[in-house]
Each structure stands twice: as C-alpha cells, then as structure tokens.
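Trainee: Taking the hints into account, I'd like the entire structure generated from these sequences.
What follows is the residue order along each chain.
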Amino acid sequence: MSYKSHDEIFSSFEEISSSYRRKNQYFDILYDSTSSIRILKTRSEETISINANTSGIVARTFIGNWKELALKDIAELEIIKKKFPKVNNKGGEIKEFEGWKINKEIKPKIDPSEIPIEDKLQKIREIFEYITKFDERIINPIISYGELLTTRIFVNNEGSQLRQVLPRIRLFIQPIAKEGSIIDFDYFSVGAEGGFEIVKEVFDKNLDQVIQNSLDMLKAEATPSGRLPIILDADMAGLVAHESFGHGLEADQVLRDRSYLKNYLNKKVASDICVICDAPNIEGQYGSSFFDDEGIQASKNVLVKDGILKNFIHSRKTATEFNSIPKGNGRRESFAHPVFVRMTNTYFEPGYHNIEEMISEIKKGVILVRGYFGMEDPLGGGMQCTSKKGYLIENGQKTKLLKSITLSGSVLELLQNIDSISKDKLILRPGTCGKGEEDYVPVTSGGSYVKVKEALISPG
Amino acid sequence: MSKEKIELIENSLISKKIQEYEIYFMDTEIYETEFIKSNIASEREVNKFEYVIRTLSQKGKETGIGIVKGNSLEPKDIDKNIETCVFLSKNNSSSKYYFPKNKSLPQIKTADQDILNDPVGFKKDISEEIKKEIDGHKEVSPTFGRFRLHAQHKYLRNSNGLDLNASKTFFYLEIALKAQENGKLSESWEIEYIKEKEDLKIKERVDKWTKIAQNMLKAKIPKPNQHAIVVFPPNVLKNAINPVVGFHSSGRAYHEKITNLKIDDKVASDAFTLTDNGTLEGALMCNSWDGEGNPHQISDVIKNGIFKNRLYDQKFAIMGNTDSTGNGMRIDDGSVINSISNLEISSGDIAKEDMISDIKEGYLIEKCSWLNPDRFSGSFGTEIRNGYFIKNGHLEYPIKGGNISGNVLEMINNCHYITKEREFSVNSLFPYISFKNLTISS
Chain A
1 MSYKSHDEIF
11 SSFEEISSSY
21 RRKNQYFDIL
31 YDSTSSIRIL
41 KTRSEETISI
51 NANTSGIVAR
61 TFIGNWKELA
71 LKDIAELEII
81 KKKFPKVNNK
91 GGEIKEFEGW
101 KINKEIKPKI
111 DPSEIPIEDK
121 LQKIREIFEY
131 ITKFDERIIN
141 PIISYGELLT
151 TRIFVNNEGS
161 QLRQVLPRIR
171 LFIQPIAKEG
181 SIIDFDYFSV
191 GAEGGFEIVK
201 EVFDKNLDQV
211 IQNSLDMLKA
221 EATPSGRLPI
231 ILDADMAGLV
241 AHESFGHGLE
251 ADQVLRDRSY
261 LKNYLNKKVA
271 SDICVICDAP
281 NIEGQYGSSF
291 FDDEGIQASK
301 NVLVKDGILK
311 NFIHSRKTAT
321 EFNSIPKGNG
331 RRESFAHPVF
341 VRMTNTYFEP
351 GYHNIEEMIS
361 EIKKGVILVR
371 GYFGMEDPLG
381 GGMQCTSKKG
391 YLIENGQKTK
401 LLKSITLSGS
411 VLELLQNIDS
421 ISKDKLILRP
431 GTCGKGEEDY
441 VPVTSGGSYV
451 KVKEALISPG
Chain B
1 MSKEKIELIE
11 NSLISKKIQE
21 YEIYFMDTEI
31 YETEFIKSNI
41 ASEREVNKFE
51 YVIRTLSQKG
61 KETGIGIVKG
71 NSLEPKDIDK
81 NIETCVFLSK
91 NNSSSKYYFP
101 KNKSLPQIKT
111 ADQDILNDPV
121 GFKKDISEEI
131 KKEIDGHKEV
141 SPTFGRFRLH
151 AQHKYLRNSN
161 GLDLNASKTF
171 FYLEIALKAQ
181 ENGKLSESWE
191 IEYIKEKEDL
201 KIKERVDKWT
211 KIAQNMLKAK
221 IPKPNQHAIV
231 VFPPNVLKNA
241 INPVVGFHSS
251 GRAYHEKITN
261 LKIDDKVASD
271 AFTLTDNGTL
281 EGALMCNSWD
291 GEGNPHQISD
301 VIKNGIFKNR
311 LYDQKFAIMG
321 NTDSTGNGMR
331 IDDGSVINSI
341 SNLEISSGDI
351 AKEDMISDIK
361 EGYLIEKCSW
371 LNPDRFSGSF
381 GTEIRNGYFI
391 KNGHLEYPIK
401 GGNISGNVLE
411 MINNCHYITK
421 EREFSVNSLF
431 PYISFKNLTI
441 SS
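Just so you know, the sequences run in chain order A and B. Count the first sequence with my numbering and you get residues 1 to 460, in order. Count the second sequence with my numbering and you get residues 1 to 442, in order.
It is possible that some hints are incorrect.
As the list claims (entries may be wrong) - PhoX-like cross-link-like pairs, simulated, lysine-lysine; straight-line CA separation at most 25 Å: (1) A:K453 to A:K363; (2) A:K82 to B:K48; (3) A:K4 to B:K76; (4) A:K67 to A:K300; (5) B:K391 to B:K208; (6) B:K257 to A:K133; (7) B:K37 to A:K95; (8) A:K267 to B:K184; (9) B:K184 to B:K220; (10) B:K391 to A:K435; (11) B:K208 to B:K197.
Stated by the list, open to error - Below, a sample of chain A positions facing chain B; criterion: calculated Cβ distance under 8 Å: (12) S44; (13) T47; (14) S49; (15) I183; (16) H353.
These are calculated hints, taken from the structure and not from any lab test. Every residue, glycine too, gets a C-beta built ideally from N, C-alpha and C.
Mentor: See below:
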C-alpha cells in the first residue's frame, strides 16, 4: 500500500464516493490498516512476529444486491470506478442515514509502542521462568502476548467521514500440568481496548493463582451427566448470551428465515429477571468501537428486558428490511472479509442475588466456570457451551473441582429456567467470534453468576 | 510481476548484507457469491498480497529469528521492515535453526489452469448451478449459502538458494437448507473446503443435504448409553483425529513433553493405520512443499496400531537431529508451526452397509455442534446435531440433541469396524469407523 495521510485518504475516498449519487445507489469505502506484535513463549519456542501495517481498501455499492471489491492499494481506486456500474433509482433499497463525522484515536494510558520490545520479551521470559520453577508438574507454560492497532477510515455517499484508531492488547497464560498420564490446565486471559496498563498488573499479581489452578486440575473429577441445577459464572453466562442466544438475534439470520427467534419480538424469551444487552460503545472493552464497518455509530442495544425480546441486532441491510435502527454491528474481520451482522460486547446485566445464597439453595448441582468455547444453532435454538472446569455443589456447599463440562439443550428453556442472577459487578471476558467457522472479530461476553433451575450437562 | 516484487525485497536484504534471510510472498484472489434464500445477495472480489520476511541471527547453540509481515513495497517501508526483522532476530532466542536447502520436490498440480484463466466465469457458472439445485428441491427451503473460489500464488526464496513458486485453486461451499412440517423445523447446515472442481458435486451434495434436513424433522433425542457403539463418518472423524492425534504425533508435542506416544508402542487398534500425506491429490493441503520449502512427503504415523514416526518441521527436526517430514505450516502472522499436512486412514475390510448391518445397537453421528477436543488430553464432549440410532442393523430413527463424550486417544484403541469406503473431508481421506465405549447423555 502506498503511503497516504488520513486527510489524503479522506480526500481520495470523497472523490470516488461523490461520483455515485446517493439517490441512485448507496456506496461506501473503507480503509483498513493493522499493525500487530505477537510474542509466544513455550517450552520449545519463542516467537516474536510483527505485522508492519498491512492495509487495504474495500468498496461496495448496493444495486439490487451488494457488489464489493477489496484491493490492496489505494492507488487502484480507478478499478472500482470501472467495476461498479452506475445505476438509477436504487438508492432507496438501502435505508438512508444522516452522514456524520468523527476522527478519534484511543490514547492508551501506557502506550505499548513506548515500551521497548526487548522489555516486553524480558517480562514474558520472567513469567515463563517463574511458572516453570513453581512446580515440576508444570511441563509447559504457554504465554501469548498480543498488541493490535487497527485503523479504519470510512467514507460513504451520505456524507459520513469517519476515522478511528483502536489499540487492543491481550495476554493469555496457560500452564500445562502433567502427572503420570494425566494432562490438564487452567488458563488466564485478559484483553481490552487500551494499552500496556491492561497487562502490567497481571504480570505482577495473578501468576500464583493461575499456576495453582492448573495444578488443581490434575485432581479434578469428571462431572456428573444429566439434568441438574446449575450456576454459570460470568464467563459462562456471557458464552450463553453470545453464542447460544445472541447469534439467533443477528437479523441477517432472521432475514434468511433462519432464526429460532424470528417470531419472538416483543414476546417472552427468558425469565422476568433477565436483561441481556449488546453494547459496542462501552469504553475500553475488547469488542468496542466508535463506529462499525458500515459507518454506523456504536450504541447500546437492549436485546432482552424483563425477559421480553426487545430488539434484533442489525446491519444497514437488515435495518432497511425490518425498518429498524442499526447500532454498530456491521463488522468485518478485515478489508478482505465480508461485512456481517456481528455482536460486540454481549452480556447479562447483573441482578440482585447473593452468590452464596444461590449456592446454598442447591442440594445437588454444578457450577460451570470459565466459558471455554461454544457453537451457535441459529435455526434450532440448540446450545453447546463448554466450560473449562466447574465445581460440584452438594447440600448447598461448593465441593469437588470438576473437569470440563458441556452444557446443551434448548437455549430458550435455559433462559426461562433462570431463577436468580447475582449482584456481582459485570465482568466481560475478551475473545474472538466467528460467523460459522470464519470471519473472526474481537468481542467480549459476560455477566455475573446466573442460576438455572435445571439444565443438561455432560463431560466436555 | 511477483518475481519483481520479491527481487525488490531481496535486493534490499542483500544490500544490507543480511546473511540468512527468507522471503515468503502470497498473492491471493478471492471470488465469492453469497446467497440469501436462493437469491444472490452479494458478489465480492478480493485482490491482496502480503509478504513475510524472516531473518536469522546465529548465536552458538541458539538462533534468533525475526519475523515481519507487510504489504508495502515502498522502498522505505521495505528497508524499515528489514531493519525491524534484524532487530527482532537479535533479541529473539530460539532453538538452533537454519533455512532449508534445495531438495527434490514431488511434482504435483495444485491449480486448475482453466479456473485461473477465468475465475469470474467459473464462479458465475457454479453460482448458477447452486441456485438451480437449491431451487429444484421444493421439499426444503434454502436460507443461506456462500460459494467462494480461492486462487493463491505463493513464492518462497531464501538465502540457501531455495527459490520456489506454486499456484493453488480451491473452493469454499456453505449451504443451509431448512425443512419444516407441522410447525417442526430442521436444518442441514454444511460447510466444506473442497480442493478439486470435480469434487464440488453440487447436485450430489444438495441432494444429500436435502435428505438430512428432511430426516431431521423426525429426529428424537438419543437415549443415554455409557458404553455406546458410535459410528463416525469421515467429516466428523477428521474433527476428532486431526487436532489430537495430529498434535501428539508432532515433534513439538514430543519436545514439550506433552505426548505419551512412544515410537514402536501400541497406541491404537490393530486395524488402525494413519499416514500424513502432503502429496495427497484431492486433499486441501496438497502441495509440493511445506511452509518452509521442505518437500511434502508421505509419512507413516501409526501402522497397524503401532506408533511409527513423528512429524517434523525444520525446527523440531534440527532439535531431534533428524530430517523435516514437510510438516511446517505457515500461519497468519508469518511464523511456522509444526502441523499435519493431510491425514489418511487406511481402508478397513468391511463395507459401510455391512458395518451398519452388524451393529445391534449404536449411533451414527453425522454432525456435531462443535467437536472440539482438548488437544492435550484428547477429551471431548459435544452436542449431537444430526445422526441416527442404529437398531438391529438398521438406521432406526434420526437423532438430534443430547451429548456425545469420550477421549480421542482412547477411541483409537477401541476401533470396532473400519470401512472399505473412504471420503475426502478438507485435509483428510478417512473411512467410516465405529468405536466402542463412548458416552451418550441426554
């Protein structure tokens, strides 16, 4: 990509954008640039790789369907003019929004670029050494550190001129423990929009607990199978909100006639105490932004209020079809990937209950801890959410540590069976979300403790 | 054109007197049609390139490796990327490493020249065929689909005289078909990476997926069984075997002391033979050379239940004082990981039909929600999306829901039957295998 300042990019984009009249057709163009640093340290490798500002552009227009062209160089803009036909009176096929302007750079408290890479590497080596020496049963500490700086510049023929620079940091620590033939681990993950301040504290504080958790997993027992009362920790609650429930709310699935929630708008989908939201505008979260990749301003979307489904999640196209307001959920992995309706920061709002009381009410049940992975079933409303570990509850007491647990069944049944949500602070955990098996975007999901009267669990 | 771009980078490396370097260059074209219902919702073209520079800094028994990815060919950016790369190599401390030298490579055709000549025309033809097929099945409703054509051109040059190039074409196909009856809904949602145009078989696939969607309307929750006999078809088996057995077979798993697999130990049932085959035509990872430029080859991993060979990339081969088996895979950040290429499980001695006939009570699992086993321990637990309950040698009724759980490393010791028939699935050529002692809960 030949170098241009953002003012020059705006100017070039304006020129091409204005050549397509809004009343005839919708047109937008996006510049995407990514710089990243990744450090991976394991027993057998130390990898430092830098992505030195790979960038590209993608333009699209709607002429009855989307035409989209992604190119590596801004010098190739003329190709777009050649490939995108000019049409008449198709502008109304995509709902028109008032153009707006923003030019924002998130300034981290501690700018990672001001910390020499050798210092970061040294810190990771120190963590590695510390974990290795903690206990001989730790056979392989895996430490992954990543910095990502994303710049997106967006112009459309509604007059929008947008630029955002978003720094993100993520740290993942996974001490692999082995005793005899048993191998297991726990992990610690932190990630957010911001700078080195996000990981600095972790470096100093949380290590012993992370390591001990991995060692404890060597003694963990298999979970009982069947229908039992369960409590989801914030991480697992978020996984259910996002993976099992949220994907069915993506309005492209509704438009495809492929969502189990299609006929549930303004109807009861969860117990009265449930409030579930998607909010791309929460400051400093891994899934946050000022605008999406369709130039829509990020704002909070209350999906479920008092158990009633209030809103779907929209792109420009689905908002047009359903005469709704998009909230900043049209997202791309990069310029080379398509826009889809995607979640951002998705969570259960905390409730009013006390976690100790919630546990004490269960005679035999399970707490599922650490949302590990999950898969959507937008048409069937089925659920697969797997926790990394859990705890058995016996006679109102948290007792044995359990290995990985898979939660399955009907998501609506689970949501209806929620009988308490703890008043603990909202916790959001970072991750990446795919649409099907591709197109990964940064997200968070979370909540507080959520108690379910009964759900199907089995070993994960 | 790409040769000129590589030379631009190489000339800069040479002018800076960099002794050990590698340039990996990838030019990619993507052509995609997205369907909503059976209508074309979007047509997308992507044209991008990127390069990765790796430089080495030798430090006695260790090597520092610098890795920088970029896509700017501005001389000042190339210079800066090289300087950064050299700086990283000076600070990095890896085990001993050097770039591969020229070796004899298998001759494999990995790109379809007709498609390279007219990718837009080919995409249009296949998109029309998809539309015709999904429109033709009135018993189901298409909800969503994607067809994508990838054309890749890769170049690899290093300071040890390696100068390779290869083109590759392959496809992505995703179709969701919905069946409904009396208020009941079911879906067949299938995602496939397909290497050869002959294997696209749109009609055959849509017919099969239509039948799945229809059958699932009658699906019941499977009955629980702590010691179930379960048949895994190739597409499900791949998701179990590749991440676990593939990982435990790697030089990396051995050097990180994670695997318990020892050479010449019995690790699987007698009938189980697994091969890594980077030259397997029709499989997605079929190439003449791996991500570092070492030749792809055929390596016995497990033969008749005995663990025979580990799979090495250049780094772990040097560490193990052996040769690379062509198992270095280039990943997104430009680094190389030790990974499988394509896996093959040898055919068994029973026809699929006869295997089913021989099962008194069992389960055929055609699709899981996400069979994502823990690659270290091999344990897994996943929701059943599509399948059948087998009773007295027949597919008694379709099943959906409930969970299947087990451990892949134990499963391969519990092979019950292995079929003669094999099918491609992404980077695997596997038979149907029935396993004993898996757990079904509901």
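Trainee: Which of the listed hints are not met by the structure?
Mentor: Of the numbered hints given earlier, those the structure breaks are 4, 10 and 16, listed in rising order.
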